[in-house]
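Q: Listed below are the residues making up each chain.
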Amino acid sequence: MIAKNSFFGPSDPAPDTGYKDPPPRKGFFTDTSICIGCKACEVACKEWNEVPDDGFNLLGMSYDNTGSLNADTWRHVAFIEQRKPLGHQQPGLRQPAVDLGMPAMGSTNGEPAASTAVATEETPDFRWLMSSDVCKHCTHAACLDVCPTGSLFRTEFGTVVVQPDICNGCGYCVPACPYGVIERRKGDAGTKNVGIAQKCTLCYDRLDAGQRPACAQACPTESIQFGDVDELRERAQARVDTLHEAGIMDARLYGNDPNDGVGGTGAFFLLLDEPEVYGLPPDPVVTTRDLPQMFNHAATAAAAMLVGAALSFLGRRR
Amino acid sequence: MTAEIPTVDPEAAPGPDMRAEQGRNALTGSRGGKPRRGGGGRGEQAMVPEAEFTSYYGRQIVKPSPWEADIPAYFFAGGLAAGSSLLAAGADMTGLPALRRTARLGAVAGLSFSMVALVHDLGRPSRFINMMRVAKLTSPMSVGTWILTGYSPFALLAGGAEVAGMLPFGKGSRVVRLLSLVGRPAGVLAAVGAPPVAAYTAVLLADTATPSWHTAYRELPFVFVSSALAASSGLGMVGTPVSQAGPARRLALGAAAVELAMERQMERSMGMTAEPLHTGKAGRLMRAASALTLGGAVGSLLAGRSRFMAVLSGAALMAGSVCTRFGIFEAGQQSARDPKYTVVPQRERLQQGQPVRYHG
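First to last, the sequence lines map onto chains A and B.
For what it's worth, numbering that gives the first Met the number 0 labels the leading residue of the first sequence as 0, then goes sequentially.
For what it's worth, numbering that gives the first Met the number 0 labels the leading residue of the second sequence as 0, then goes sequentially.
Mixed in with the good hints, there may be bad ones.
Within a straight-line C-alpha distance of at most 20 Å, the following computed SDA-like cross-link-like pairs (lysine to any residue) qualify [unchecked claim]:
1) B:Lys135 <-> A:Phe6
2) B:Lys135 <-> A:Lys185
3) A:Lys185 <-> A:Ile165
In short, the hints are calculated from the structure, not lab data.
Construct the entire structure; sequences and hints are all you get.
A: Have a look at this one:
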């Protein structure tokens, strides 16, 4: 079932997979501009999905002690500390600004932080970026494409889910993901789903029951918004327009473009800095976009191998 | 720097719904109206280990494959089997029984090792059979499974025929007669199925987000098939008297030359992701691979006169193939662990105004 845009370009994944009259595509819009870094999403995800701990480590990376998305972390809150002026929360309470006493550190190289905004007492020269990362549920999902057992599959909601009873732990999806999301679970023999590829399911079980995913349900600021991808894309565009009007020109959307390298993602983001600052690839491309050319090159090489071997038997017999 | 404790008028406090709405629409960020950097920004340089690119605490972005030595060892063994099946069929057709014997047995040995390595590498080895529940063209591993499934019975049959011919007993038994009857057709079918076995493994590596594997996708199949031929002809030179090893010597020379040339061409087309091929463990392996392959190729020119030279250069070619497979494997792993190889090429595309976008 190879349609025109099966490898690349805009596509509605569930109908493209062959579902008849599927529900609208579901996804996340994670608005990092209102993330407060509470990690309720990480906790709710672990509790609901019975994800084991990933070691209780102190990583020395601001308040981030989970490090990255992996087999045992399906929501990951990144913390970035920057010497850039912080805008004010405007909670509508008309309270005077509260000085939290955040340090206005001097730059290590003696130069001012790369920002045109001026730090004042009201806007301290310091900001925290917090972002809850998650599986992107790509329109063109490399993990799903390369899975040799069919364990990874496209749901009727357009999401990408591992069937743990089928996965044999070949590990191919791990290097295939352009975001480094999916991973094979390590642990003792008794660990749940050990040796099997693990990642966010967008709470497939909750979706089936008409519920929101656990992380979105737990998010106290609605930084994580769940809904129909079409509607979320409109909401995200409106939000980024609002922020630009307010002079927050750092705001940009990530993953919302159906023409991008993965055909747009089901879970996309509003970021306040370049994607790589958050540990996201700046211009990801699904590797299978190039699969037809790879196949052609390999076929040519195989033919050359046959010819080369045959040639060596021509001519002299010894 | 005096902190005032804000007082909240309960009347003014919004209800839960309203608070959620206001929270969602709250304005944060740099209120100073900092212009958005048009893709040319370098972000916060203070928090990253290197100045040329930005990352999240220097952490990897894409994940390295969880594969261990099983996989590059399989690439070598599978390539050895495939090349040997080609040599065996050629030797069978042209009446070189000693070369045919070495090659057929080499194919069986390589194939057997491959099967063990492929199962051992799985997170759940007991579920190996799940590889065969689908046939999936978008998955090089699925395609490879079926390529191996098609190739293996014939390679094993041809090997079985060879063993049957070597037995000092049972010449008249039905099994032995049947095996010797099917030896040639099975060998020919194995030879037809062999090139895909050697070539698909390059697609297996290239069809990933691992920077140094994916960018090599044009030349890697040629490097892998020539490495397979170099190894198998090396085995032919080691295990066959010089009088019957002529085709193996010619094949060794040609394959080694093509491998060295294609490897250089590959590095040129990989851009900065060729770097890991020269650094660390991968760099040491690739340098050893070049030296061994070159040495084996030169040695093959003298191998027609001396069995000692034949064994020496044949062994060098096989060792060179091992080093090539492990070197390329390790380079990919290194490229995945360093965010530089993921961020910089993508950032350069953006800076040049050429992001990857679909254009109809």
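Q: Run every hint past the structure and note whether it holds.
A: Against the structure, the hints come out as follows:
no.	hint	in the structure
1	B:Lys135 <-> A:Phe6	holds (14 Å)
2	B:Lys135 <-> A:Lys185	violated (27 Å)
3	A:Lys185 <-> A:Ile165	holds (17 Å)
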